[in-house]
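Enquirer: As you go down the protein sequences, you meet chains A and B in turn. So in this note's numbering the end of the first sequence lands on 776, straight run, no missing numbers. So in this note's numbering the end of the second sequence lands on 776, straight run, no missing numbers.
Where hints are given, some of them may not hold.
As the list makes no split between identical chains, a pair holds if one copy fits it or if it spans any two.
For lysine to aspartate or glutamate, the following EDC-like pairs were computed, each having C-alpha atoms within a straight-line distance of at most 16 Å [claimed, not checked]: (1) Lys429 / Glu394; (2) Lys343 / Asp259; (3) Lys343 / Glu260; (4) Lys762 / Glu521.
Hints listed in this document are in silico derivations from the structure and should not be mistaken for laboratory results.
2 protein chains.
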Amino acid sequence: MAKYTLGLDFGTESARALLVDVATGDLVASAVEAFPDGVIDERLPGSHSPLPPDWALQNPSDWLSTLENTVAAVMRQSGVAGSDVIGIGLDFTACTILPAAADGTPFHTNVAYSDRPHAWAKLWKHHAAQGQADRVNALAEQRGDAWPRRYGGKISSEWLIPKALQMLEEDAALYEAADCIVEGADWVVWQLTGVLARNACAAGYKGTWHKADGYLPADFLAALHPGLARLYVDKVAGPVVAPGTRVGGLNAAWAGRLGLAAGTPVAAGIIDAHAAAPGGGVTQPGVMFMIMGTSTCHMLMGEQEVLVEGIAGVVEDGIVPGLYGYEAGQAGAGDIFAWFVEQGAPPAYHDEAARREVTLHDVLAERAAAQRPGQSGLLALDWWNGNRSVLVDAELSGLLVGATLATKPEEIYRALIESTAFGTRLIIEAFTEQGVAVDSIVAGGGLAKNPLLMQIYADITGRDFAVAGSPQPSALGAAMLGAVAAGPAGGGYATLAEAAAHMAPAPAHVYRPIAAHRPAYDLLYAEYRRLYDTFGRGENNVMKTLRRLRREQLAAAR
Amino acid sequence: MAKYTLGLDFGTESARALLVDVATGDLVASAVEAFPDGVIDERLPGSHSPLPPDWALQNPSDWLSTLENTVAAVMRQSGVAGSDVIGIGLDFTACTILPAAADGTPFHTNVAYSDRPHAWAKLWKHHAAQGQADRVNALAEQRGDAWPRRYGGKISSEWLIPKALQMLEEDAALYEAADCIVEGADWVVWQLTGVLARNACAAGYKGTWHKADGYLPADFLAALHPGLARLYVDKVAGPVVAPGTRVGGLNAAWAGRLGLAAGTPVAAGIIDAHAAAPGGGVTQPGVMFMIMGTSTCHMLMGEQEVLVEGIAGVVEDGIVPGLYGYEAGQAGAGDIFAWFVEQGAPPAYHDEAARREVTLHDVLAERAAAQRPGQSGLLALDWWNGNRSVLVDAELSGLLVGATLATKPEEIYRALIESTAFGTRLIIEAFTEQGVAVDSIVAGGGLAKNPLLMQIYADITGRDFAVAGSPQPSALGAAMLGAVAAGPAGGGYATLAEAAAHMAPAPAHVYRPIAAHRPAYDLLYAEYRRLYDTFGRGENNVMKTLRRLRREQLAAAR
């Protein structure tokens, strides 16, 4: 008799439910539903007062309604009996946090607070706490603290401390009233089980938690703001557990609502990008998993903690219990190509795409595929959205060199793809040169479906690129967490590795480096590294100067 | 009773005749006619055999037929009596040379030679003698010769010696049979007057003639090829005279053909770009004249010979007798903007241009004009077509830095315009820092009609930019040469300066620097210079590496 597990994937715009076969990982049913309030970045629901710039919120009630609807849909579609669902796992955007009362009641449903922006969930891409982040980083640098080295030297405005500090500074009464500040992932599990635990993935990558050292010390927080000193003690209390740990059983109310058995194990969650690693079959050291979309996220497991230059984070138990999870990133990938396609392709290319009923990307990729490496004479630095790894510098910008009057759009398109592949090679080398092995690579996400791009990545890195077999690796990874929470006794698995071994499909395709392309790309990569160092490490700060001047002129124009 | 002078302008595709009032410079009539055979770069007229790559020829018979027709047209249009035309001047592309017999008969009309490509006129943009030019430059460098410093260190494949050497090496019999090799300008004057003289402008800027030192020595030529040793003695004999010198009187046959008086003074010619300087009213030291089109040519007079870094040439009597004419250049200007407009503007911009019945340039310029200096955060090196002055390096290429996901086409468009203005500022500073004064600037050519561009040039250089009043400054300059050849006794002028003082119209407009724009542009210019040195002077040779790889990959693809 087949058993099933539910993977719930909470994204930026929508939630998805996946029902999969525990033994095989086969997809049984899936459903997706957009959040009714979407990303709240103009005004609060029901309000006419505009939010300040750079705010981005979500409505936690949307998470619950979409959870209920999508799970109902997959159960109905599949005809599976609720009692055959052995576990529930979820992945979530992070850092996405909300203030809640001691019983988990969110503040946005409290009429005394619902008209206050800080009562709602701050979405990962809420960027209004940049000032606070700058102060965190400046203070850490001033104190000579070592912990930022776990995060490439700096934390982002998207993370827990800047967001919590912003709440304290802008709405102290609400901050004081909140019994806890909690990640969306952990809050949903709390709603389902009545138990509050903090998943080590979000806590580690976004909350500065460290398994051995714990959170940041109170004196650091007090130096930021006296009222923040007890943040971790008062507001972020609760055990930190590895993703997949059974937090509790599904409570009766939710069991009834979802048509599942009360007590069904619910797993501690995981960040959405990180869930894709086990979903792509990657749970062991030495295999890099890349989620390639608008930006690229690189996940890698290791058996030791190494402070690699410019990584976005290293967290013990962050992805797979017992291993150190490394995360690196490229701030721009698909969005650079999208920028070029929107801004840089002349009408003839649009016309061709329309006539042939293909995308502009298809037209450009087809023409670009006819070129040999280096034939365009172009080379780019892939910093259109700044550089995350290894320079951790949002002020850097894109560079294109080698343009002539004969340069064609498809050549620029290819050079942009190549530049992101050079950036990936540099990240791989940062890991391997600093002692974290990268033996093989698995890729997922939208860009992994682009054959030209994947071949270029294989050629430039000199490595095989396997494409993850699952089209929904994050949601599948979440479903695996449910199977691990159930454990062998509950019809699941003892470890995430075991779950992945059974449930992750074989790679859809493996791209292998073409030997004839390697010498040209090695030559170009040497030049890329040289430009990288010249413009990225302070030798020539033209990009900073241009940013500064741009800001001044935009301010003067207002 | 009004008197008139004829200015004949021989370009790449067509010839133009201008009839102007000697006293005022007012345009009386003009006519233009395309050369029947145009640019001959695929096959010889009447032949089916293709020409090799990089060849570009003209048919000298086209020069005569268009001269006859356009002069007839202006005389007819104007109703001016032939006897009231006091002089004839012409400007011509250069180096555009042909082989001729001792009596001036061109070889392309000789049936024994007419099927041989070398019998036709090699147009200025014939680029098939690059190998020969490389050998000239290598030999000069090996010998440590000083003369190349008059030409920025290197001569071009477009010039006399490479073209003559190519003829000798590829068709020795024809080279031997030719009594002379002559510039088109000088050949047309020879046809009209029966007198062969070499104009100092073409001789100096393209033929390596120097007023004090003469031509290159025979031992240099012999080292290139023994058969070339007597080039100047045998093939390029004849006096070298300043433009505007009376070479002779119009002969009877041509007088009849044109309806002019026999004996009408005919002036030694001048290169077309250089003719624009007097045509724009510039005949005195310290005023830079810029012809701004697909590329930009900078002309400047000085009272001494200074070997300025990277100038295209300095020639005594080259433009104005008694002065040193300096020429510098930017290899790309309008053609860079045209490249971007063709390749880089998305359909919405094309649609807007069509809807408003304006050009794409207008749409981009209008949007670009709304930006403040530095607001785009972009900076470019204007080397899409290599760099002529001051680096004299065709292997350099275009660079754009500062791109982000928010970068818009009009911002790139403006950055490209700015980059060419920075290039001009650098050339001006090369002159002034090396002791050649630039007190003011006059601009002509197509780009001088673009208000946004002209304002940016004024802002970036910090100088007034006067736009030449004549829409045809080259042809007007040629007409002035006719007036000088006539001399005061013939109803003309004693000097070119005097002719220009009477005949050049006042500037159409003067663009003055906007003080508020200067600080941002000074900052950007400092960054431009730094990039210029980094990528142009050997510190980072990525552009060379990219060119080399491109050539290798294109060769491998064949």
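Enquirer: Against this structure, judge whether each hint is valid.
Expert: We went through each hint and held it up to the structure:
no.	hint	in the structure
1	Lys429 / Glu394	neither (27 Å within a copy, 90 Å between copies)
2	Lys343 / Asp259	within (10 Å within a copy, 59 Å between copies)
3	Lys343 / Glu260	within (14 Å within a copy, 59 Å between copies)
4	Lys762 / Glu521	neither (38 Å within a copy, 44 Å between copies)
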